[in-house]
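Trainee: Given the structure of chain A, go ahead and fit chain B onto it with the hints provided.
Protein chains in written order, with the numbering used here: chain A, 1 to 213; chain B, 1 to 213.
Incorrect hints may appear among the rest.
Once the Cα atoms are required to be at most 25 Å apart in a straight line, the calculated DSS-like pairs of lysine-lysine come out as [claimed, not checked]: (1) A:K164 / B:K193; (2) A:K193 / B:K164; (3) A:K136 / A:K209; (4) B:K144 / B:K164; (5) A:K209 / A:K193; (6) B:K209 / B:K193.
From the structure, some residues in chain B lie toward chain A, with a derived Cβ separation under 10 Å [claimed, not checked]: (7) L14; (8) A16; (9) I17; (10) L23; (11) V31; (12) R33; (13) E44; (14) G47; (15) I155; (16) D156; (17) L159; (18) L174; (19) G177; (20) K193; (21) A194; (22) L206.
Because the hints were derived from the structure by calculation, they are not lab data.
Cβ coordinates follow ideal geometry from the N, Cα and C atoms, glycine included.
Protein chains: 2
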Amino acid sequence: MQIVFLFYDGMTVLDAIGPHEILWRLPGATVQRVAHRSGPIRSESCGLALNAEYALSEISRADILVVPGAGNAAALREYPEILAWIRAIHESTTWTTSVCTGSLILGAAGLLTGLRATSHWAVLDRLHTWGAEPVKQRIVEDGKIITAAGVSAGIDMALMLAAKISGQQAAETLQLGIEYDPAPPFDSGSPEKASPEILEALRARLMMKFEKE
Amino acid sequence: MQIVFLFYDGMTVLDAIGPHEILWRLPGATVQRVAHRSGPIRSESCGLALNAEYALSEISRADILVVPGAGNAAALREYPEILAWIRAIHESTTWTTSVCTGSLILGAAGLLTGLRATSHWAVLDRLHTWGAEPVKQRIVEDGKIITAAGVSAGIDMALMLAAKISGQQAAETLQLGIEYDPAPPFDSGSPEKASPEILEALRARLMMKFEKE
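The shape of chain A in the complex, shown without the other chains (with noise of 0.2 Å):
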């Protein structure tokens, strides 16, 4: 089974990270991390880079494809050589799906329309650009389709995904490896669990940032 991430420049880090702790430990998985080019990948997180081994010529097919999101991923509009790889190995997956703003990567590489979709709280309506239904849900799966809400999402996600190709035992054993039974000190999480002011004052910081993009 092979699991292709993509990486770029000013991704979010645990966005793909999230599922990549779970996915590269299915049976019979191997994982393959792909770029515009091979080699350290810049992400939004204060200069961390991750490596990518190969550059988007090299992969042609995956099983399950992950497009992790960043602050800045409508600037994927810009670059058509991404977008175009996404459509092909889309052809080929038995699962594309993507995290957190990742979904509006898939919604301009033409994937989504007509679609049932979730991304990031704070762009969720962005969706409609892209022809597709935002759903306000923390997973979304709509054909061979699986979207995640924000960042954190993609755990959960990959935790489902699991399941569905191992069955339930094997999900329920990684979910015990990585010991994930949350814990937030807090119930801020989503939109409607947060306060009106932190709400308010975040969705203005995150649209000003996007909208630079």
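Mentor: Here is chain B on its own, set in the frame of chain A:
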């Protein structure tokens, strides 16, 4: 505020990236990644390499030190220069932290003698080796040392730390930013919640791997 992550060969990526995704967003934070040598550091995750910009000798202080764990964390006993570096940096920190089996590394460095600490559930009792008192909790704070349980517990720890440093409103904003409103599809994330069959099979497998190192 200088936040330093120790990277090393074979480390568990999510142990580092959970806290990293939160802490780099703190106001005024600079983040540095350091390893026995600078350059790409190969994790335990199917060949994924993360870049360390600094060698040990280039970093002499930190406000926050984060030590991730690994399936082979016990092997770090054999790297006295890493343990000596941890001891030296600890002198300068406001917080010295670990995720998962990273606490065994703090222990091997001699920092946990007489202290309460936690670790991945499968190796929790190994803390006795280093004179620490194992505590079955997701996060344990003793003086300026904070230890977190297995892998994903680093996310909860970092949010707690963010609140201590920048206040609860800032930490709640970070939680909303990464949409950390966890919804695991199963409830198998701790030894108490997992089925006995899953627990015993995984314990045996992890122990075999751990003893081998």
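Trainee: If a hint holds in the structure, say so; if it does not, say that too.
Mentor: The hints, checked one at a time:
Restraint check: the Cα-Cα separation between A:K164 and B:K193 comes to about 21 Å, which is no more than 25 Å; the hinted pair holds. Distance check on the hinted pair: A:K193 and B:K164 sit about 21 Å apart at the alpha-carbon level, within 25 Å; holds. A threshold of 25 Å between alpha carbons decides the hint, and for A:K136 with A:K209 the separation of about 22 Å falls inside it, so the pair holds. Between B:K144 and B:K164 the alpha-carbon distance is near 12 Å, which keeps this suggested pair within the 25 Å criterion.
For the proposed pair A:K209 and A:K193, the alpha carbon gap of about 23 Å is at most 25 Å, so the pair holds. For the suggested pair B:K209 and B:K193, the alpha carbons sit about 23 Å apart, so the restraint of at most 25 Å is met. Contact between B:L14 and chain A, as hinted, is supported at the beta carbon level, the nearest pair being about 4 Å apart and thus within 10 Å. For B:A16, the suggested interface contact is upheld, since its CB lies about 9 Å from the closest CB of chain A, less than 10 Å.
At a threshold of 10 Å, the smallest CB-CB gap from B:I17 to chain A is about 4 Å, leaving the interface hint in force. The interface hint given for B:L23 holds, since its Cβ lies 9 Å from the closest Cβ of chain A, which is under the 10 Å cut-off. With 10 Å as the threshold, the beta carbon of B:V31 comes within range of chain A, its nearest partner Cβ sitting at about 4 Å, so the hint holds. The interface hint given for B:R33 is met, as the beta carbon of that residue sits about 6 Å from the closest beta carbon of chain A, less than 10 Å.
Using the Cβ-Cβ criterion of 10 Å, the hint placing B:E44 at the interface with chain A is satisfied: the shortest such distance is roughly 9 Å. The beta carbon of B:G47 is positioned within 10 Å of a beta carbon in chain A (closest approach about 7 Å), and the interface hint is therefore held. Look at B:I155: its Cβ gets to within about 7 Å of chain A, closer than 10 Å, so that hint holds up. Interface hint at B:D156: satisfied, since its Cβ lies 5 Å from the closest Cβ of chain A, which is below the 10 Å cut-off.
A least Cβ separation of about 5 Å between B:L159 and chain A falls short of the 10 Å threshold, and the interface hint therefore holds. The beta carbon of B:L174 is positioned within 10 Å of a beta carbon in chain A (closest approach about 9 Å), and the interface hint is therefore held. A hinted interface residue such as B:G177 counts as satisfied when its beta carbon comes closer than 10 Å to some beta carbon of chain A; here the least separation is about 6 Å, so the hint holds. A least Cβ separation of about 7 Å between B:K193 and chain A falls short of the 10 Å threshold, and the interface hint therefore holds.
Against a cut-off of 10 Å between C-beta atoms, the interface hint on B:A194 holds, since the closest Cβ of chain A lies about 5 Å away. Residue-level restraint check for B:L206 holds (minimum Cβ-Cβ distance to chain A is 8 Å; threshold 10 Å).
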